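S.K.: Okay, here's what each chain looks like letter by letter:
Number of protein chains: 4
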Amino acid sequence: RRLRDLGIAPGVFAPGPLNAITDVAGVLVGHATVSEGATIRTGATAILAHGGNIFRDKVPAAIAVFNGYGKFAGSTQIEELGEFETPIVLTNTLATGRAIEAIHAHMLAQPGNSRVVSINAVVGETNDSRLNDIRAGRPDISEIRAAIDAASGGAVAEGAVGAGTGTVAFGLKGGIGTSSRRVAFKSGEVFTVGVLVQSNYGGRLLVDGVPWNASPTCEDKDGSIVIVVATDAPLCERNLKRLGQRSFGGLAKTGAALSNGSGDYALAFSTHESVRRTPERRAGIVMTPTLPNELVSPLFEAVIEATEEAILNSLCMAHTVEGYDAGSDKPSRVEAISMEALALYKAR
Amino acid sequence: RRLRDLGIAPGVFAPGPLNAITDVAGVLVGHATVSEGATIRTGATAILAHGGNIFRDKVPAAIAVFNGYGKFAGSTQIEELGEFETPIVLTNTLATGRAIEAIHAHMLAQPGNSRVVSINAVVGETNDSRLNDIRAGRPDISEIRAAIDAASGGAVAEGAVGAGTGTVAFGLKGGIGTSSRRVAFKSGEVFTVGVLVQSNYGGRLLVDGVPWNASPTCEDKDGSIVIVVATDAPLCERNLKRLGQRSFGGLAKTGAALSNGSGDYALAFSTHESVRRTPERRAGIVMTPTLPNELVSPLFEAVIEATEEAILNSLCMAHTVEGYDAGSDKPSRVEAISMEALALYKAR
Amino acid sequence: RRLRDLGIAPGVFAPGPLNAITDVAGVLVGHATVSEGATIRTGATAILAHGGNIFRDKVPAAIAVFNGYGKFAGSTQIEELGEFETPIVLTNTLATGRAIEAIHAHMLAQPGNSRVVSINAVVGETNDSRLNDIRAGRPDISEIRAAIDAASGGAVAEGAVGAGTGTVAFGLKGGIGTSSRRVAFKSGEVFTVGVLVQSNYGGRLLVDGVPWNASPTCEDKDGSIVIVVATDAPLCERNLKRLGQRSFGGLAKTGAALSNGSGDYALAFSTHESVRRTPERRAGIVMTPTLPNELVSPLFEAVIEATEEAILNSLCMAHTVEGYDAGSDKPSRVEAISMEALALYKAR
Amino acid sequence: RRLRDLGIAPGVFAPGPLNAITDVAGVLVGHATVSEGATIRTGATAILAHGGNIFRDKVPAAIAVFNGYGKFAGSTQIEELGEFETPIVLTNTLATGRAIEAIHAHMLAQPGNSRVVSINAVVGETNDSRLNDIRAGRPDISEIRAAIDAASGGAVAEGAVGAGTGTVAFGLKGGIGTSSRRVAFKSGEVFTVGVLVQSNYGGRLLVDGVPWNASPTCEDKDGSIVIVVATDAPLCERNLKRLGQRSFGGLAKTGAALSNGSGDYALAFSTHESVRRTPERRAGIVMTPTLPNELVSPLFEAVIEATEEAILNSLCMAHTVEGYDAGSDKPSRVEAISMEALALYKAR
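Residue numbers (our numbering), protein chains in the order written: chain A, 16 to 363; chain B, 16 to 363; chain C, 16 to 363; chain D, 16 to 363.
Worth double-checking, as some hints may not be accurate.
Put simply, identical chains are the same to the list, so a pair is met inside one copy or across any two.
[What the hints assert, rightly or not] No farther apart than 20 angstroms at their CA atoms in a straight line, the calculated lysine to aspartate or glutamate pairs in the EDC-like style are these: (1) K345 <-> D237; (2) K201 <-> E337; (3) K201 <-> E309.
Don't read these hints as lab results, they were simulated from the structure.
Everything numeric in this text was worked out from a predicted model, so none of it was measured.
Whenever a hint applies, use it, and build me the whole structure from the sequences.
M.R.: The following block contains the structure:
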């Protein structure tokens, strides 16, 4: 069950109908879960900003880095140009190169891309080596492409799936989690903020502010998190960066240790059709709608809430996984958070 | 009373003896509280990294900016050189220029500085105009110099004093707060992290993780915070920056809205004698002790805790203040947090 | 005479009619030259993005820092919000606080600003202590206000005026210099890039690429430069930052040593009326014209050229100044570049 | 012939004996040139900071980005930790993923790395699609590993080799170039700065300051440059970043257009044995030698000179290449710079 099913609902803004990043219209998510034998527990998750040719119709975006101990690919060009042009792929640390190759193969094969010679592949990763033989070269390129090909709207599978298959958070089984918030403006407009996380970090777990003491391992400090933030609000890339940065507020509220070894990245983008950078718009001075600085704050609060809930969803929705600890060359097992304890927990 | 006196103690690390930034040996703090008539509620707070000639013996330092809606002076040179060379002064927004003048006057007058022709004054500010006639030119230069001259070790006055005289946090009276943590390393070394804040921001107040509902105004979202972090650990400026950045984790945990209009700055420095940049050390290759990346994480957790507690101390130690709202040209009154409610609160 | 009068014309783009920052329509420049007795050789220069109430109608802007050994005020808020809201004042290093006070006084007194309680004053500085008793407190606040009040369109005085009164570049008399370039787009639009510099740095002087050997002092390495870049092209703040950064290309081409002690800042802004941030536009979603990434490159080349020429103009237009070296407490004299040598030079 | 063989010697500092990055003791360079049939003109170049296990004995480093239109891999972790842990590989844009895979394969196979589960591969790239069928998947992983395996000290092959096989600069054949400078300090120490570039950018070519008009294509503006800077001076990562940044001064002096589409990256590292981060040094407080801010400026000038000369060497040492323009699907040919014209040129 998801966090909200347990009656725990961080914050005050209402979620969208799916309480998922796919509440932001047009966003597609696909997983490839790669679990084989006793040692392979990994995968890939693809997030597509829209269903068209993203290389052609680029998407305004920004990246915020809280702690850069990670191999996030594509960051400098996103920063420089304020946009991205490929699917976003999340996977494991040592699959970054293969994920770039998979994105290249996918993009080069798109109709209309036959003369494309430069692609800025966007890849986030965390290290699933506590459950996965990360040195074994999985997911491979075709498995990663499968995640892109599987991308669809609608409900998003969470927990030990896709890029979350082998990740660990607070010593518990983490993985993929998602959540969303809707923000109504005085003007009558309603914008949605959606968040998807790959949780693989640690600290001292707080569930909606209260310390989690039901499992002794919950003080594990290692790991990283990649946070993907989508919104249909027409934000410029500067305010997208600020939006992404606020997601770290949600991260901190879960009790993150924000340790040296954590790779904490937030990639934020706008799906608003009128800010999309089509070939026509890139050919001359273009009129672009922009939500001004003075009005962005509610979105900032919304992303704090959605990130906290997405992370907790990644824990709630995960199941216990047995695998292989590649760093110590031993079998390993990581328990899911106890739903019984969580139910009691809320009842207090 | 301070937060800990109420039995509320965020985190797991132990504070230093004073639970204050002055637990970091050598750090001095001075306040100038400027309260006059019905409309002047302002002041300045000075933090000195050491008691010597700071221009001569510069201090390794770094600045982290979470949201840069502020007038922090001296930031680019701190970033470029990894050091500062003056007292740190906190004051109100429109006193920034006078604080620079005060620091200049103080530094030019120090023995040994008679030929100094360049000074990088470090000034943080938040906007106290909800209680103070900020347009009236106070504190003036001599009042700010008085804060520097008053700097001493020992216990630090908190709440509505110095630069916190007129500040507001979560709709309640905020101001100056401080806290510290001691971190023992396996090598036997014990390092201290001390934090001092000027709280003037908002959001939905959380007290050690639990929403504060005792006062309706606690959802005020406006304002800023300046966070000063001192440590006696021998950190390089890169790791000082990371340390400062982690203080925003503590900020987020208090329920900060991290809004557009907030100026959220953290200045971190090391007081370790061997990393101080004396004229001799600046004249040739110097051997410097450094705590490596691999060992900094406990300090990161400590600063999250100390920042959360320093902020809550700034609320607990403040008293109700009546003043003047300069933005609306009306009398104003900001209540202190209710200690009775807080006592009950903890008892739950 | 200006560089171009000598037949030396860096680059290929044509300058505007004044070959000055004021070719960008609406930009105003004012100087206050403060020269008194044997020791005071300083001043202030104000650049106004437009003639209206800048606090009310804010200007999209960005700051680029090549080497941050300087006291530039206002930088973090410009970076965060992508705008500024006051006149830009250039002055000497130790006048930064007074310049902030002067800007505050000016802004608080503007019609419509009677309830303003927060101002982000923008102040650039270089150190004129080789010719000026910088410790003596000049220019004072009223002298700096005079520079703001004197701001006008039209030709711009260059050389040893305003903030350039006491500055030194390449061991020669530097100061204020300006230049502009016009860029015609295929769409028929013509945009102007204007640059104004306060030159006070060093290296090995190159005049349009050729080493200057006519004066032995031209290898002086010390000091800083502040570069102000205006354009009427509708650039977003991200592309304004990139534009500002390109000015450092022009700086490098003059033979700058880019030394540790240099404060090299470029502030870039757009005067395009439709990107100005009026109260109306800040109240809701606004349609803004933007020149896309794909079309900005010619402006980048233009600013490289204009910066190089503005710097050389600051040298050509300066006269020899006798003053006081505050660092050594001795009289000093800095020669202007020899126009005779320069004329011969070109003839080669 | 190299630039200096033509009597053209930018700057005033003396080069090292090889006038190459390998003058910095311990640095190794290897090329894999991949030229096949009519359409494959590409390759890889590896730079190793030392000959040992780089993952184990990490190297202090920093990255400076002038324009981030590129796919540089590993940048955020270099920035966060101030170090790198793998060979540096330069290759073509669409080979970035394969280069990461090659580095992973190389590192995982090193003695002592059998339990390594996280690697931050460092890959720079420029786009060689004007001469190479960049979509064809070359160099492949084994070809890239061959560049790493080929790394050695001594003279460095330049021009159309390795990662420079298919690159174009100023419309002329560019490629790999290298240069070095020796800087003597008053203390008697002599440090070396070595630069290696992969030139693939444009502008209006200047040869030691003078416009190159001998070929009409020299105004081509497209492309990128990756600059690798090595020094044996004991610089901290902050000063390494500043050193890297100064290389852009050399870039600007060659007439670079610094255009929107350019990916201009400089990676700087120190080979000084005592700043290397060995497992022992990463286990406790370590004493590290550091050249202070006050003494770094001559190294800054040296890197400006060496970068300018390395770029010009990449042109001088290249030969005319016939290949395939992947963007237009046509055969292509890019001429080498005319040595005859260059010889006359200098004679002026």
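S.K.: With reference to the structure, classify each hint as holding or not holding.
M.R.: A quick look at each hint next to the structure:
1. Within a single copy, K345 and D237 get their C-alpha atoms as close as 18 angstroms, which meets the 20 angstroms cut-off; across copies the closest is 52 angstroms, which misses it.
2. In the homo-oligomer, the alpha carbons of K201 and E337 never lie at most 20 angstroms apart, since the shortest distance is 50 angstroms inside one protomer and 32 angstroms across protomers.
3. Proximity of K201 and E309 under a CA criterion of 20 angstroms is satisfied intra-copy only: 13 angstroms inside one chain copy versus 36 angstroms between copies.
The structure is inconsistent with hint 2 alone, although it conforms to all the rest.
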